[in-house]
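J.: Read off the chains here:
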Amino acid sequence: MIKKITILIVSALLLGGCTLSDIFKPNQAVSDQKSELSATQTPLPVSSVDPNLEAMPSTSTSTDTASLEIDIESTKILEEDFSDLN
Amino acid sequence: MKKHFLLALTILFAVPSLVSATSAENVTKRRPDKPETAQIQEIRQERRNNVAENHANRLEKRFAFYHSRLSNIMTRFQARLDLLQKEGKNISISQVKLDAAKAKLADAKVKGDAAIAAFKAIGPAKFSEQKTEVFAARDLANSARKLFLETHELLKLALKELKNITRTVQEVL
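So the protein sequences, as listed, match chains D and F. Counting from 1, position 77 in the first sequence corresponds to residue 77 in our numbering; the numbering is continuous, with no gaps. Counting from 1, position 64 in the second sequence corresponds to residue 150 in our numbering; the numbering is continuous, with no gaps.
Don't read these hints as lab results, they were simulated from the structure. Treat the hints with care, since some could be wrong.
Some residues of chain F that are not near chain D, with every Cβ distance over 10 Å (derived) [as the list claims (entries may be wrong)]:
id: 1; residue: Gly174
id: 2; residue: Lys188
id: 3; residue: Asp193
id: 4; residue: Lys197
id: 5; residue: Lys206
id: 6; residue: Glu215
A few chain F residues facing chain D, derived, Cβ under 7 Å [to be verified]:
id: 7; residue: Arg155
id: 8; residue: Phe234
id: 9; residue: Leu235
Heads up, the beta-carbon is just placed ideally off N, CA and C, and yes, glycines get one too.
Please build the complete structure, drawing on both the sequences and the hints.
T.: What follows is the structure, encoded as structure tokens:
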């Protein structure tokens with residue numbers, strides 16, 4: 001009799017244990033949503049200073065040909081990247 | 087004894103089922119989380135709007151910088167040409183190039199301002215529904231950039247002519 005009861009208890013515990021493991025498992029759906037939220041909430045870096053523009057030397061005030069040449073040659077029209085719009 | 091045994095069995099089987107039911111209830115409570123989904127969509131939309139806003143801000147700074155820098159060079163260039171003309175030098179070829187550069191810069195400014203305004207206008211509606219406007223803004227920005235490049239090239243040509251004038255003067259001397 002005791003043997004039977006033990007077997008029954010063990011099987012009941014096993015059955016119940018499986019169900020309980022589902023409860024204690026972290027909810028994947030919730031954690032997924034949370035990670036998505038945190039990913040989308042990451043603020044985009046908006047720099048107030050454009051380092052490419054800062055890299056260009058400031059222009060002279062002189063009107064001589066050499067100064068004009070230096071200023072014209074050091075002027076760069078930078079590439080624009082719009083790949084994030086696609 | 088039998089009664090106790092049956093009672094124990096019932097409890098053992100019933101408890102996990104009850105707990106499982108509560109868990110399922112939690113899932114159904116979590117599932118209709120429409121506000122959270124809407125929030126995610128809102129954040130995504132905001133991020134998309136930021137993309138357009140970031141482009142507008144970057145272009146605004148860059149185009150203003152090009153305009154200011156090229157205008158400054160042109161003013162000094164013109165002063166140099168005026169001086170040479172006073173000295174009786176033929177500045178016509180260089181002046182033509184410089185005038186063309188000035189006109190091109192004015193066009194670049196108009197186009198650049200339009201591109202910035204177009205990017206700034208993207209926002210309230212859904213980004214995906216504004217693809218046409220987004221691409222139109224991008225094309226305007228690319229056209230403006232091309233005009234700034236052409237301005238720069240014309241200035242280089244004007245400089246080449248200016249150097250020719252200076253060289254001729256030095257040869258005469």
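J.: Now tell me if each hint is right for this structure.
T.: We went through each hint and held it up to the structure:
1. Taking the minimum C-beta to C-beta distance to chain D, about 17 Å, the non-interface status of Gly174(F) holds against the 10 Å cut.
2. Residue-level check passed: Lys188(F) sits 14 Å from the nearest beta carbon of chain D, beyond 10 Å.
3. Residue-level check passed: Asp193(F) sits 14 Å from the nearest beta carbon of chain D, beyond 10 Å.
4. Residue-level check passed: Lys197(F) sits 13 Å from the nearest beta carbon of chain D, beyond 10 Å.
5. Distance to chain D confirms Lys206(F) as a non-interface residue, since its nearest Cβ pair spans about 14 Å, more than 10 Å.
6. Consistency note on Glu215(F): stated as away from chain D, and its beta-carbon is indeed over 10 Å from all of that chain's, at 14 Å minimum.
7. A distance limit of 7 Å between C-beta atoms decides the matter here; for Arg155(F) the minimum to chain D is near 6 Å, and the interface restraint holds.
8. At a threshold of 7 Å, the smallest CB-CB gap from Phe234(F) to chain D is about 5 Å, leaving the interface hint in force.
9. Look at Leu235(F): its Cβ gets to within about 5 Å of chain D, closer than 7 Å, so that hint holds up.
Violated hints for the displayed structure: none, as all numbered hints are satisfied.
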